Amino acid sequence: SQTIHQWPATLVQPVGSPLSLECTVEGTSNPNLYWYRQAAGRGLQLLFYSVGIGQISSEVPQNLSASRPQDRQFILSSKKLLLSDSGFYLCAWTRRGLNLPLHFGNGTRLTVT
Amino acid sequence: AQKITQTQPGMFVQEKEAVTLDCTYDTSDQSYGLFWYKQPSSGEMIFLIYQGSYDEQNATEGRYSLNFQKARKSANLVISASQLGDSAMYFCAMREGQDTSYGKLTFGQGTILTVHP
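These protein sequence lines map, in sequence, to chains A and B.
101 is the number that this note's numbering gives to position 100 of the first sequence; each next residue is one higher, with no gaps.
112 is the number that this note's numbering gives to position 95 of the second sequence; each next residue is one higher, with no gaps.
Derived by calculation from the structure, the hints in this document are not laboratory data.
Just so you know, these numbers come straight off a predicted model, no measurement behind them.
All residues carry an ideal CB built from backbone N, CA and C; glycine is no exception.
Some hints could be false.
[What the hints assert, rightly or not] Below, a sample of chain A positions facing chain B; criterion: calculated Cβ distance under 8 Å:
id : residue
1  : N33
2  : Y35
3  : L45
4  : L47
5  : Y50
6  : V52
7  : F89
8  : T95
9  : R97
10 : G98
11 : L99
12 : N100
13 : P102
14 : L103
15 : N107
16 : G108
[Stated by the list, open to error] Between beta-carbon pairs, the in silico distance windows are:
id : chain 1 : residue 1 : chain 2 : residue 2 : range
17 : B       : S48       : A       : G53       : 19 to 27 Å
18 : B       : K87       : A       : S18       : 45 to 53 Å
19 : B       : K87       : A       : P9        : 38 to 46 Å
20 : A       : E27       : B       : R89       : 37 to 45 Å
21 : A       : S18       : B       : H133      : 38 to 46 Å
22 : A       : G53       : B       : H133      : 41 to 49 Å
23 : B       : K20       : A       : R96       : 21 to 29 Å
24 : A       : L84       : B       : K90       : 35 to 43 Å
25 : A       : P19       : B       : E78       : 41 to 49 Å
Put together the whole structure using the sequences plus the hints.
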């Protein structure tokens, strides 16, 4: 069966510090991968998605970047965090198909102080 | 324009009763899929149910059913026989046919459901 791992679960970082969140998927190959962000009590905003190694699409211009160095690894980064980067970050994967749901990791709660 | 609209920020229901969570969507694609997710306070996202635009019958999964009204562009989630464990945030999401290969979902703002004993 497929599983998705996302870490860390919580993170407190000062403004101006770098960020690296990692997500890996097991049990499948060539998945589509996604990073979403959720502000407190709000909906999910798609940040980046990837359909293959090295292929990154950005949905929202911002202070963040994403990379996919390996087939089942997706990394979210920032060189200098802003207060507005605080939120709940969720990684997800899916196979291609109109009816196939996204499968989410457990999320990372990021607080920028 | 919002692609997914959930107009109920919060809903309350008595245990064992049924509740309907509203969702309307906006797309010009003829082919699309609609999804509902549950997010407990722990933050995990749990997939509940799927409805395709060409499905002739309303989707059902256990106590969850979807009231799909294509002409009105609505896809309301019905939870029957509510349980205390149903208390959570619920999200409606859509995948447009043009995005099938990309797979991305657009989410609504969510509805917080509270089940009272």
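Quick rundown of the hints versus the structure:
1. Against a cut-off of 8 Å between C-beta atoms, the interface hint on N33/A holds, since the closest Cβ of chain B lies about 4 Å away.
2. Annotation: Y35/A was flagged as interfacial toward chain B, and the flag holds, the nearest CB pair being 7 Å apart, inside 8 Å.
3. Evaluation of the L45/A hint against chain B yields a held restraint, the C-beta minimum of about 4 Å falling below 8 Å.
4. A least Cβ separation of about 6 Å between L47/A and chain B falls short of the 8 Å threshold, and the interface hint therefore holds.
5. Hint status for Y50/A: holds, given a least beta-carbon distance of 5 Å to chain B, under 8 Å.
6. Interface hint status for V52/A: upheld, as the beta-carbon distance to the closest one in chain B is roughly 6 Å, under 8 Å.
7. Taking 8 Å as the C-beta contact cut-off toward chain B, the hint placing F89/A at the interface holds, the least distance being around 6 Å.
8. This hint holds: T95/A has a C-beta 5 Å from the nearest C-beta of chain B, less than the 8 Å allowed.
9. Against a cut-off of 8 Å between C-beta atoms, the interface hint on R97/A holds, since the closest Cβ of chain B lies about 6 Å away.
10. For G98/A, the interface hint holds, since its Cβ comes within 8 Å of a Cβ in chain B; the closest pair sits about 7 Å apart.
11. With 8 Å as the threshold, the beta carbon of L99/A comes within range of chain B, its nearest partner Cβ sitting at about 5 Å, so the hint holds.
12. The criterion of a C-beta within 8 Å of any C-beta in chain B is met by N100/A, whose closest approach is roughly 5 Å, and the hint holds.
13. Given hint, P102/A at the interface with chain B, holds; its Cβ is 4 Å from that chain's nearest Cβ, closer than 8 Å.
14. Given hint, L103/A at the interface with chain B, holds; its Cβ is 6 Å from that chain's nearest Cβ, closer than 8 Å.
15. With a least beta-carbon distance of about 6 Å to chain B, the hint placing N107/A at the interface is held under the 8 Å criterion.
16. The restraint placing G108/A at the interface with chain B holds, with a minimum CB-CB distance near 5 Å, inside the 8 Å limit.
17. Range check, S48/B to G53/A: Cβ separation about 23 Å, and the 19 to 27 Å hint holds.
18. A C-beta distance of roughly 49 Å is found between K87/B and S18/A, which places it inside the suggested range of 45 to 53 Å.
19. Between K87/B and P9/A, the C-beta spacing of about 43 Å keeps the proposed range 38 to 46 Å intact.
20. At roughly 41 Å, the beta carbons of E27/A and R89/B sit within the given window of 37 to 45 Å.
21. Under the hint 38 to 46 Å, the C-beta atoms of S18/A and H133/B, about 43 Å apart, fit the expected range.
22. Judged by the Cβ atoms, the range 41 to 49 Å given for G53/A and H133/B holds: they are separated by roughly 48 Å.
23. The hint said 21 to 29 Å for the Cβ distance between K20/B and R96/A, and at roughly 23 Å that hint holds.
24. Between L84/A and K90/B the CB atoms are about 37 Å apart, so this pair conforms to the stated range of 35 to 43 Å.
25. In this structure the supplied range 41 to 49 Å holds for P19/A paired with E78/B, their Cβ-Cβ distance being about 42 Å.
Hint check: no violations occur; every hint is consistent with the structure.
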